[in-house]
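Turn these sequences into a full structure, and let the hints guide you.
Given next are the chains, with one letter for each unit.
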Amino acid sequence: MAPKEQAPHKLLKKPENISELDRREFLKMGLWVTGVFAGGSIFSAVSAAAEVFPLDTYRTKYPYKPHYCMVIRVDRCIGCQLCMDACVSVNDVPSYGWRTKILERQAKKAIGQKREFIPVLCNQCNDPPCVRACPVTATYKDRKNGIVMMDNKKCIGCKICMAACPYDARYYCEEKGAIDKCDFCFETRLSRGVKNTACSEACPADVRVFGDLSDPDDRVYKLVHQLQKPVWVLKKEAGAKPNIFYMKG
Amino acid sequence: MESLENLSLTDHLKSAAVRVLSGGPVYLTFLCLMGILFITGVAFGIHSVYIEGSRHAYGTSREVPLAMLIATYAFFVIISTGLCMVSSIGHIFGVASFQPIAKRAVLLSVITICSGFLVIGLELENPFRLAIYLFLSPNFTSNIWWMGVLYSFEVVLLIIEFILLMLDRHRASTVAGLLGIIFGIAAISNLGGVFAMLNGREFWYGSYLPIFFIASAVLMGSAAVVFFTVIAHWVRREPLGEAMRDSLAAVSRLAGLMLAVVMFLTIWRMVTLTVGGTHESMVYKAFVSGAFAFNFWVFEVSLGMIIPFILLVLTRGRSVGLSFVAALLIIFCAFFMRLDMVVAGQIVPMYWELGVKEYARLNTYFPTWHEIFVVLGGVGLSGAAFLLGEKVFDGLGEA
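Read top to bottom, the protein sequences are chains A and B. Heads up, the working numbering is the position in the first sequence plus 1389, with the first residue counted as 1. Heads up, the working numbering is the position in the second sequence plus 569, with the first residue counted as 1.
No wet-lab data here; the hints were simulated from the structure. Any given hint could turn out to be false.
[Claimed, not checked] Straight line, CA to CA, 27 Å or less: simulated DSS-like cross-link-like pairs of lysine-lysine:
no.	chain 1	residue 1	chain 2	residue 2
1	A	Lys-1498	A	Lys-1611
2	B	Lys-926	A	Lys-1490
3	A	Lys-1630	A	Lys-1503
4	A	Lys-1618	A	Lys-1454
5	A	Lys-1624	A	Lys-1611
6	A	Lys-1503	A	Lys-1490
7	A	Lys-1533	A	Lys-1454
8	A	Lys-1497	A	Lys-1624
9	A	Lys-1630	A	Lys-1498
10	B	Lys-854	A	Lys-1530
11	A	Lys-1611	A	Lys-1637
12	A	Lys-1498	B	Lys-926
13	A	Lys-1497	A	Lys-1611
14	A	Lys-1625	B	Lys-583
15	A	Lys-1530	A	Lys-1565
16	A	Lys-1533	A	Lys-1503
17	A	Lys-1624	B	Lys-926
18	A	Lys-1630	A	Lys-1584
19	A	Lys-1490	A	Lys-1630
20	A	Lys-1497	B	Lys-926
21	A	Lys-1584	A	Lys-1498
22	A	Lys-1630	A	Lys-1618
23	A	Lys-1490	A	Lys-1565
24	B	Lys-854	B	Lys-926
25	A	Lys-1630	A	Lys-1497
26	A	Lys-1503	B	Lys-926
27	B	Lys-926	A	Lys-1630
28	A	Lys-1625	A	Lys-1503
29	A	Lys-1637	B	Lys-926
30	A	Lys-1624	B	Lys-583
[Unchecked claim] Computed from the model, here is a short list of chain B residues facing chain A with C-beta under 10 Å:
no.	residue
31	Glu-694
32	Lys-926
33	Arg-930
No residue lacks a Cβ here, since even glycine has one placed at the ideal position from N, Cα and C.
Encoded structure:
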C-alpha cells in the first residue's frame, strides 16, 4: 500500500512526531483521518471531523452540499446576547422559547477571567435523535444541506423530539402549533439568498462562524481542518454527530 | 344463546338499559360518578389544549416535556396488554383455571386501552394530525409510529376477539386473541422502546424498559382481573362461584409470581444505577433520598410491592378479600411507578456536565389540576365502561 493510502495512525504515531511533510499529507487526506491525537470530547481539529463523522462513514466527501455547520470560538464570547436578540427578531421567537442561548459558567477560583460564556443552539446533528423519534417526519434532515428542519403542518405535538434532543434545542411554539427550533435561519435568510445566520451576523466578537464544511475555501472548513487549536463538540457521547464545533481562539 | 339470537337489536338494547337502570342505587351512583369524572376530565383536557394552552394548563415544560399524562397513558396500555395476556392463558393456551376470567379480561383490555387513547389524545397538541400523517408521512424508525400502528391493530383485534367470545365462537376468537396478544406484546415492548431508545437520556436508555414493561403488564393484568372480577360480583350482588374462586386464586398466584419478578427487576435496576454515569447516579439519589423518595419508598416499594406480596404469599391467593386489597394496591401504586419512571428520566438537565448556572439545578415537575382531572377522566372512562359492560353484557355470560 502506498504511503498516501495508509491509515493515518500508521503514518503518525505521536503528535510530537509530525513533520511538515506528514502534516501536509495529513491535511491532503481530508476525511481520510482518524482521531490520533486525543480522546474524550476534546480532540485535534482534523480528528474533530473524523470523530464526528467517523472514518468509515464518509470516506471521500461530506454528505451534504453545502454541509452547513457553525464553529463557536467560545473564549471570544462576551455574553452580550446580541445573537439571541437577533435570533428572536429574525425568527419570531416567543418570549417563552429560545432557539439559541448563551450559557454562563462561573469559576470563582480561576486565575484571571472568572466567567465563561457558552453559546448553544441546535447542533443540526448528522444522526439526529429527534428525527428518528418523530412519528410523522414532521422534523427531518434536509437532503441537500443537512439542516434539521420542521414541517409545522405535520407536527402532532407529542414532544418526543424534545425528550430525544441531547441539546435541549427544541420547544413547543404555541403560535406555530408545532415544535420550533434553530434552522440556521434557513427559512428567514438562507433560502432568500442571505449567506449568514442572524446570530452570526449580529455577534460583535466574531464568535459564531457559519459556513460550509464541505468547501475547502470556507472559513469553517479551515477552522475545523487545522491542527494547532483543539476543536470539540458538546455531548459527543450521545452519538448524534453534531455540526456545531467549539474551539478557543 | 338461543333466546338471545331470537331477539332484535332494539330488544337487546332495551333489555340492557333495563338491566343498567335496575342496577340499584349504589351501582347507579358509582356509574354516575365515573361518568362525571370522564366528562369532567375530557372538558379539562379540551380546555387545556385548545383554549388555555398546554403551556399554561399542564405542568410540563421544555425541560420536562413528558410527564403525568404520558405516564397515565403507559399505565392504561400496560394494564390493557396485561389483561390481554392473562386472558390468553385460559382461552388460547387452554389452562382451565384461567378460562372463567377470559371474557371480562378481554372486555377490560378494550376499555383500558381506550382510556389510554383518551388520555394521550388530550395530551397531544394536535391529535387530529396524527390520524392523517400516521399514514401519509410515516417514520418507520420512530417508536411512537410503531406504537400507534401496533395499538390500533391490537384494539381492533381485541374487539373482534370479544365479539367472537360473546358469540361463543371459540376457535375464531382464539385466532383473533393470538394475533391480539402478538400485537399487544410488540406494542408494550415498543412502548418501552419509546423511552429506551433515547440515548441522550441515560436513565431510560437500554433494553431494561421493554422487558420491564412486559413483566409489569402481566402483573397489572392479573391484578386488574382480580380487582374487577370482585367488583363485578358486588355489582351483580352474587357470591363468587367455586370455579371463579379457583380462577381468582390462580390469577392471584400469577400476580404474586410477577410481583416477585418486578421486585427483582427493580432491585437490579437500582443496584446498577449506583454504578452508572453521572445522570444515573443522580437519578438513583433522587429515588433513594431525593424528590422521588416518598413516592419510591411508600408507594412503589412498600404499598406497591412488599405489602401486596406478603398478602398474596401468605394467603396463596385463597383469600379473595386479601387478594382484592393486594390487587388494589398494585394497581394504585403502579400509577406512581409509571409517573416516577417518566419524570425521573428528565430531571437531570441536558447541559449538567458543563457546570453552567442555567442548568445547575435538577429539573422539577409538579402536576397541575388540569392534568389530574385528565387522569381522572381516563379512570372515569374505564370505571363507567366497566360498570356499563357488566350490565349490558349481563355479567359476561357467567353462570
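Hints violated by the structure (numbers, ascending):
1, 3, 9, 10, 13, 14, 16, 21, 25, 30, 33
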